[in-house]
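Protein chains: 2
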Amino acid sequence: MRSLQEAVRPTTIIEAPRLSKRLGADVVIASETFQLTGSFKFRAAYNVAINVPHPRIIAASSGNFGQALAYACQLTGKRCTVVMPHNSAAVKVAAVRDYGATVDLINTHEISRSARVQQLARESGEAYIASAYDDPLVIAGNSSLGDELLTLGRGFDRIVVPVGGGGLLGGILQSFARAGNKTAIVGAEPALANDAARSIAQGELIVNEHEPQTIADGARTVSLGHHNWAIIRDHVSGILEVPEEQIREGVRQLFTLANLKVEPTGALTIGALLAQPEQFRGKAICCVVSGGNVDPGVYRECLID
Amino acid sequence: MRSLQEAVRPTTIIEAPRLSKRLGADVVIASETFQLTGSFKFRAAYNVAINVPHPRIIAASSGNFGQALAYACQLTGKRCTVVMPHNSAAVKVAAVRDYGATVDLINTHEISRSARVQQLARESGEAYIASAYDDPLVIAGNSSLGDELLTLGRGFDRIVVPVGGGGLLGGILQSFARAGNKTAIVGAEPALANDAARSIAQGELIVNEHEPQTIADGARTVSLGHHNWAIIRDHVSGILEVPEEQIREGVRQLFTLANLKVEPTGALTIGALLAQPEQFRGKAICCVVSGGNVDPGVYRECLID
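Chains as they are written, first to last, in my numbering: chain A, 1 to 305; chain B, 1 to 305.
By construction, these hints were calculated from the structure, which means they are not laboratory data. Keep in mind it's a predicted model, so treat the numbers as computed, not measured. Don't take each hint at face value.
Copies of the same chain look alike in the list, so a pair counts if it works inside one copy or between any two.
What the hints assert, rightly or not - Simulated crosslink set (SDA-like; lysine to any residue; CA at most 20 Å straight-line): (1) Lys182 to His226; (2) Lys78 to Val222; (3) Lys21 to Lys283; (4) Lys21 to Ala90.
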């Protein structure tokens, strides 16, 4: 079986002189849009698949983690079931099936996703239940992106990372802490889903009352994971809140000035530079773009100025 | 001054398992969308800029070559004037200016592009007039992409390359011929602009009567360049004609299944696989994607199924 380092596609480094000029900063993009399955989640999913002994893995995900886990299990010869709401977009269900997993469609008014996952696990008895973000194996998998950024050997003034459940930010912080590297690493989260910013401000893990309805659907999490929170609390240099309009503008600018197709969650980092330009002016910034999977309809709407 | 090999960004190799599954072939994409200035044209433009002694370069281009030449001149300390029709899209004029060139806007009803270029050259007396495709320096610059494909060391059954003026196809053929490599290399051109296919069929260079109005605007050329024709005639394994609908579908499939934003001309190669799937089934195919610069409005329309 291939190791994590052998299996993942190295992140795609894109220098974007026109985008840099527009943003008034020296911006380098680390894009996970061409990672296997189209987002950084493959790093986490593959690390889970190769490290748990179970022949079957179950997860609830209507997004990138489901696709990533399906493909990771296909590559490692494990069975995989992904629980999705029955009203999920057809393209998302098709993507998970394309990667070889069983899709278990549920009516979330009748049973919660986590209850259904537990039910399936009890029926099978030999399955690992994978969390999309709150699992040390997930964080360790994502830390491989941090390791790649370290080996670039570039002196970034700041690295900006999208935040949803905090798995990617936690992984990159873990990697840099492990290496003793003190580069400032900040999170970028939707202002509509600012639980990470509030958690840092209050010094304790804050939970949103409802799933926030931001366009950045990868950040529609009610809180950071507990494992991630412990790392983020100790190592992050700040969390920036990005209004919806700057998320959309980030998608547009990456399209126009860097030829990069990104999902709204992936545009959070450019959105952070647009929302708070004074924090970045003249600095060398690495913007992590977490993924590229987005419905054509949502994308078309983002392109309208 | 940096050499061509030092200055260009290596092409981006993207393996796309979902796209391969859909197309029934083992497809690897060599994408020039993240090349400096967003298309392969930078290879040609930079090679011109470093090889001519003139302190100033003039060209007529409303497309990718104008941006590429502007940036190549900026990097090499040369002055650059790009002649563009006065009704060019504002974003294209802005892009050329962003890269530091002087834009000379003309009314094409009053003076032709080439006449204006000649006029400017006479006024200046020390300028090189650059062709976007019909120039040995351009072909040699583009051959650097062929050299990169050779160093991949992968056994492609076929390499598919977009064809407009033939500069890119000529360059890649030149590179493979130079190396004595016999891999089949085919061109993909719009059916609406099939002068290359007709030229091959008739054994002589055929010229379109009008500029063909294909959505693939990089292929709106009236004929192959003479230098390119000589190479293509001797070495190409075939020219495939791609209907407009398959060009659009190529843009959509690259969006959906490979997270790649491409311009219609860049989608010609995937369009060729969609148009003639029986030629490619089960084979290992390298599809060259020539560039990614496309107006948001055109792109949004392509995404509609």
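Checked hints:
Taking the shortest Cα distances, Lys182 and His226 never come within 20 Å of each other, neither inside one copy (23 Å) nor across copies (57 Å). Proximity of Lys78 to Val222 under the C-alpha cut-off of 20 Å is found in neither arrangement, the shortest distances being 30 Å within a copy and 55 Å between copies. Taking the shortest alpha-carbon separations for Lys21 and Lys283, only the intra-copy value of 12 Å comes in at or below 20 Å, while the best inter-copy value is 43 Å. In this homomeric assembly, Lys21 and Ala90 come within 20 Å of each other (Cα to Cα) only across copies, at 18 Å, whereas the closest approach inside a single copy is 39 Å.
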